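Heads up: the protein sequence lines correspond to chains S and B, in order. Everything in the first sequence is counted per this note's numbering, starting at 1 for the first residue and increasing by one. Everything in the second sequence is counted per this note's numbering, starting at 310 for the first residue and increasing by one.
Keep in mind the hints are simulated off the structure, nothing from the lab. Warning: the hint list may mix true and false statements.
[As the list claims (entries may be wrong)] In the SDA-like style, the derived pairs of lysine to any residue whose C-alpha atoms are separated by at most 20 Å in a straight line are:
#1 S:K97 to B:L326
#2 B:K457 to B:V331
#3 S:K145 to B:V331
#4 S:K145 to S:P117
#5 S:K97 to B:M598
#6 S:K182 to S:F275
#7 S:K97 to B:E396
#8 S:K278 to S:T259
#9 S:K97 to B:R329
#10 S:K97 to B:W525
#11 S:K97 to S:G146
#12 S:K97 to B:G604
#13 S:K97 to S:K145
#14 S:K97 to B:R319
#15 B:K457 to B:W525
#16 S:K145 to B:G604
#17 S:K97 to B:R323
#18 B:K457 to B:M598
#19 S:K97 to B:I390
[Claimed, not checked] What the simulated footprint calls covered on chain B by chain S, stretch by stretch (three residues with Cβ under 8 Å from a Cβ of chain S suffice, anywhere in the stretch; the number is not a length):
#20 429 to 440
#21 567 to 579
#22 728 to 739
[Claimed, not checked] Cβ pair distances, simulated, as ranges:
#23 B:L422 to S:P117: 53 to 63 Å
#24 B:G739 to S:R30: 32 to 42 Å
#25 B:G739 to S:P117: 36 to 46 Å
Model, not experiment: these values are computed from the prediction. The C-beta atom is built at its ideal place from N, Cα and C for all residues, glycine as well.
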Amino acid sequence: MNTPPPVIEIRGLRKTFRDFWQRPTVAAVRGIDLSVGPGEVVGLLGPNGSGKSTTIKLLLGLLHPTAGTIRVLDADPRDTATKARIGYLPEVTCLHKFLTPAETLHYYAGLFGLDGPTTRARTRELLRMVGLEAAAGRPVGEFSKGMARRVGLAQALINNPDLLVLDEPTSGLDPIACREVKDWVRQLAAAGKTIFMTSHLLADVEDICDRIAILCEGQVRAEGRVQELLQRPDAVNLTLEGLTEAQIEEIRGELARRTGRAVPCGRPRIDLETFFLKVIAAADGRAGAPAPTADFLAASPRTGDGAAP
Amino acid sequence: MSRAVLAIARLTLREALRSRIVLLFGILLAAVAGGLPALLKGDGTPAGLVRMTLGYTLGTAFGLLVLATLWTGCALISGDIATRTLELTRVKPVAAWRLWLGKWLGLLLLDLLLLAGLYAVTGLAVYHRMRQAPEATAVLRTARQQVKPDLPALAGQIEQVFAREGGPALPAREQRDLRRRLRRELPFQPAALQRGQQWDWRFSLDAPPDPRRPLWLRFQFDTDAYTRAIVQAECRLTGSPGGGHVDFVLDDFSTRRFERPLDAAAFAGDTRFTLSVRHTGEASSGPLMLQPRQGLDLLVPRIPLALNLLRAAAVQASLLALIAALGLALGALFSLPVAAFCATGLLLATMISVFVAGDPDALEELREARRAPFRNLAATVAAETTQALTGLAAPALAPTPLRQLASAEQIPPRDLCRSLVFNALLLPAGCCLLAAAALRRRELAP
Chain S
1 MNTPPPVIEI
11 RGLRKTFRDF
21 WQRPTVAAVR
31 GIDLSVGPGE
41 VVGLLGPNGS
51 GKSTTIKLLL
61 GLLHPTAGTI
71 RVLDADPRDT
81 ATKARIGYLP
91 EVTCLHKFLT
101 PAETLHYYAG
111 LFGLDGPTTR
121 ARTRELLRMV
131 GLEAAAGRPV
141 GEFSKGMARR
151 VGLAQALINN
161 PDLLVLDEPT
171 SGLDPIACRE
181 VKDWVRQLAA
191 AGKTIFMTSH
201 LLADVEDICD
211 RIAILCEGQV
221 RAEGRVQELL
231 QRPDAVNLTL
241 EGLTEAQIEE
251 IRGELARRTG
261 RAVPCGRPRI
271 DLETFFLKVI
281 AAADGRAGAP
291 APTADFLAAS
301 PRTGDGAAP
Chain B
310 MSRAVLAIAR
320 LTLREALRSR
330 IVLLFGILLA
340 AVAGGLPALL
350 KGDGTPAGLV
360 RMTLGYTLGT
370 AFGLLVLATL
380 WTGCALISGD
390 IATRTLELTR
400 VKPVAAWRLW
410 LGKWLGLLLL
420 DLLLLAGLYA
430 VTGLAVYHRM
440 RQAPEATAVL
450 RTARQQVKPD
460 LPALAGQIEQ
470 VFAREGGPAL
480 PAREQRDLRR
490 RLRRELPFQP
500 AALQRGQQWD
510 WRFSLDAPPD
520 PRRPLWLRFQ
530 FDTDAYTRAI
540 VQAECRLTGS
550 PGGGHVDFVL
560 DDFSTRRFER
570 PLDAAAFAGD
580 TRFTLSVRHT
590 GEASSGPLML
600 QPRQGLDLLV
610 PRIPLALNLL
620 RAAAVQASLL
630 ALIAALGLAL
640 GALFSLPVAA
650 FCATGLLLAT
660 MISVFVAGDP
670 DALEELREAR
680 RAPFRNLAAT
690 VAAETTQALT
700 GLAAPALAPT
710 PLRQLASAEQ
720 IPPRDLCRSL
730 VFNALLLPAG
740 CCLLAAAALR
750 RRELAP
C-alpha cells in the first residue's frame with residue numbers, strides 16, 4: 001500500500017541572515033531535518049532565538065533558505081496552489097486596524113478567491129467560533145491582544161486549510177481563551193487537519209501535540225512522540241480516590257516494606273489552569289458549553305473540494 | 310479580473326477613505342478648487358479670469374495630487390512591510406504582480422474620485438463665471454482644433470540641412486551632435502518675409518468648420534523692435550473647394566502672439582484653406598519673422614468645453630496612474646523613507662530637466678560643457694542627466710492639457726490615447742514587472 005507523502009518535509013535546512021554588504025550575521029537555522037505526516041499535530045519547541053519562527057517563515061516562503069529543501073503538501077511552499085491549502089497564524093497578529101473582523105475575513109477570503117456566499121457563510125461561522133459575533137462591527141484596532149488573536153485565528157481558517165501553521169497560538173491569551181484555542185486545535189486535528197505549531201509554553205504543547213521537536217541554536221536536539229519522550233519506564237504512578245488517612249498510611253507502610261525505602265504518598269494537586277477554568281466556569285455558567293468549531297468544520301467544505309473556486 | 314486583485318484594491322480604497330490624512334487632503338483640494346477662483350483677479354478681462362481659473366486652480370490642485378499620489382504609492386507596499394501586514398497577504402495564494410496591481414488600482418480609484426470632485430467644482434466655477442459675461446467668454450465655450458500649416462516633414466528637412474552642412478563627411482559623434490542640434494533648432498527656425506513679398510500657407514482640415522462659429526488664426530510674428538509699429542501685412546484666407554475668402558490686415562505687432570477671429574460663414578463645406586500674407590509696410594520697416602512650425606495655427610471650433618474638460622481630466626488621470634505606479638514600484642524596492650526620498654528626487658530632477666531643456670541658453674551652456682567632458686565633469690553629468698530624464702519623460706509629459714484648456718484648444722484624441730496607452734498602461738506595466746520581481750526576491754519579516 002502506498003503511504004501518503006508527508007505534508008511537510010524539511011531536509012538539511014539552513015538559514016543565515018546577512019547584512020547590507022552580504023556578510024553573514026546570524027546563522028538562525030543550522031541544518032534541520034523534519035517530517036510531518038498528514039493529520040499530525042507537531043510542535044516546535046525552543047527558547048527565544050532558537051530558530052522556531054525563522055523555520056516557520058522558511059516553511060511559508062516568507063524567507064529564502066540558504067541551503068536545504070522544503071516541500072509542503074508535496075510542492076514548493078512558494079507555489080500559489082500550495083499556499084491555497086495553508087492557513088497561517090503569525091506570532092504577532094498584524095491585521096489592518098481600520099477593518100472590522102467581518103471585513104478582515106472578507107478581505108482574506110477574497111485573496112483565496114472564495115465566492116460571495118461561501119465567504120459570508122464562513123465569516124459567520126468563524127466569528128461565532130472565535131466568539132466575536134458581538135464585536136463584528138468594531139475596528140480591529142480597538143481590540144485587545146486576545147481579541148485580535150482570535151481574529152488572526154479566524155483568518156487562518158478562512159480557506160478551511162489542509163495545513164495549519166500556528167506561530168505561538170496562545171501567546172497573549174487569557175487562560176480561558178488558551179483552553180479554547182487548544183480545544184479548537186484538537187478538534188481541527190480530529191477533523192484531519194495537519195497542524196504545525198511553535199510555542200515556548202510547554203504545557204500547551206504537551207496538551208495539544210502528538211509529536212514535538214525541540215530546537216536549540218538552530219538545530220533539532222530532540223524529536224519524537226510526546227508520550228514516548230515524557231514517559232518514565234522506570235516509574236509507576238497510582239491515583240486512588242476515597243482513601244482515608246489511615247488507609248494511606250497503611251499503603252505507605254506496605255510499599256516501604258516491599259521496596260525497602262520510603263515511598264512518598266500524598267494528595268495530588270490539580271494544575272492551576274484546571275482550577276482557574278473551574279472557578280470561571282462556575283461563575284458564568286459556561287461549564288459544558290459546546291465549542292462551535294465542529295459547526296465550522298461541518299459547514300465548510302475544503303477549498304480544494306470544489307465548493308469554492 | 311481576479312477576486313484577489315479586487316479584494317486588494319477594495320482594501321486600499323477603504324483604507325484611504327477611512328484615513329484622516331486623506332480626509333484632510335480632500336478638504337485641502339476642495340479649498341483650492343473652491344477658494345482659488347474666488348481669490349483670482351485675472352488680467353482685467355472676463356475671458357482672462359476664466360483662463361486663470363482653469364489654469365491656476367487645476368494646476369495647483371494637480372500638483373498637490375501628484376505629490377500625494379507619489380508618497381502614498383511609496384507608503385502602500387513599504388508601509389505594509391513595516392507594519393508586517395504584508396506578511397499575512399504574501400502567504401495567501403496571490404502572485405506578487407496581482408498584489409501590486411490591486412494596490413495600484415485602489416490608489417488609482419482614489420485619485421479618480423478626487424480628480425472627479427476637483428474637475429466638478431472647477432467646472433462649476435468656470436461655467437458660473439462664463440454665465441456672468443457670456444459674450445466676452447464665448448471663445449472659451451468651444452474648444453478649438455489646432456491645425457498646423459502643411460509643411461514638409463521635419464525629418465526630411467533635417468536630412469536636407471544635414472547634407473547641406475556637410476554632415477555625411479563628419480565623424481560619427483559629430484554627425485550625431487549635428488542631427489541632435491538640427492532636431493532641436495529647425496522647428497523654431499524663422500522664415501523672413503521681406504517688404505513686398507508674399508508667402509502662402511496651406512491648411513487641411515479633416516472636416517469642414519461649423520459656419521456658426523468663427524474660425525481663428527493664431528500668429529506669432531516677430532520683427533525689428535524699432536519698426537514694430539509701422540509693419541503691416543495684408544492677409545487673405547481662401548477656402549476650397551468653395552472659393553470663399555476673408556481679407557484682413559495685420560498692423561498691430563505690439564504683442565508677440567495674437568489671435569484673429571474670421572467669419573466661418575464664408576467657408577461653408579470647405580476643408581482646405583490657403584492663407585496669403587503680403588508684407589505691405591513702409592519702406593523703412595524690417596522683415597516679418599515667422600516660425601511656421603510653432604507660430605502659425607488655424608483654430609477650428611470643434612467640441613464643447615465640458616468635453617475638453619473631460620479629456621483634460623483623462624490625461625491628468627493617466628499621469629496620476631503613472632505617478633502611482635512609480636511610487637508603488639519604489640515602495641516595493643525600498644523602505645518608506647528611502648522610497649519617498651528617491652521618488653521626490655526623481656520628480657524634482659525631471660521637472661528641472663524639462664525646464665532646462667526648454668531654455669535655449671541653458672542648453673547652450675550644457676553643450677559647451679559636453680565639448681570638454683572631463684574638465685567640466687559636474688556640468689557634463691548634469692547635461693547627460695538632463696538629456697536622459699527629458700528623453701524619458703517626453704512621452705509622459707507630451708500632452709499639456711491645462712495649457713490647452715486655458716487657450717481653448719481641443720485636446721487632440723490622439724494625444725489623449727497616447728497618454729492613456731503610455732502613462733496608464735505601458736509604463737505602469739513596466740513598473741509592475743519591476744515591483745513583482747523585487748517582491749519575489751524580497752524577504753519579509755526576517
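Results for each hint:
| no. | hint | verdict |
| --- | --- | --- |
| 1 | S:K97 to B:L326 | holds, 14 Å |
| 2 | B:K457 to B:V331 | violated, 44 Å |
| 3 | S:K145 to B:V331 | violated, 28 Å |
| 4 | S:K145 to S:P117 | violated, 30 Å |
| 5 | S:K97 to B:M598 | violated, 66 Å |
| 6 | S:K182 to S:F275 | holds, 17 Å |
| 7 | S:K97 to B:E396 | holds, 15 Å |
| 8 | S:K278 to S:T259 | violated, 38 Å |
| 9 | S:K97 to B:R329 | holds, 14 Å |
| 10 | S:K97 to B:W525 | violated, 58 Å |
| 11 | S:K97 to S:G146 | holds, 14 Å |
| 12 | S:K97 to B:G604 | violated, 58 Å |
| 13 | S:K97 to S:K145 | holds, 12 Å |
| 14 | S:K97 to B:R319 | holds, 15 Å |
| 15 | B:K457 to B:W525 | holds, 12 Å |
| 16 | S:K145 to B:G604 | violated, 69 Å |
| 17 | S:K97 to B:R323 | holds, 12 Å |
| 18 | B:K457 to B:M598 | holds, 17 Å |
| 19 | S:K97 to B:I390 | holds, 15 Å |
| 20 | 429 to 440 | violated (count 0) |
| 21 | 567 to 579 | violated (count 0) |
| 22 | 728 to 739 | violated (count 0) |
| 23 | B:L422 to S:P117: 53 to 63 Å | violated, 29 Å |
| 24 | B:G739 to S:R30: 32 to 42 Å | holds, 41 Å |
| 25 | B:G739 to S:P117: 36 to 46 Å | holds, 39 Å |
The structure fails to meet hints 2, 3, 4, 5, 8, 10, 12, 16, 20, 21, 22, 23 from the earlier list, while all remaining hints are met.
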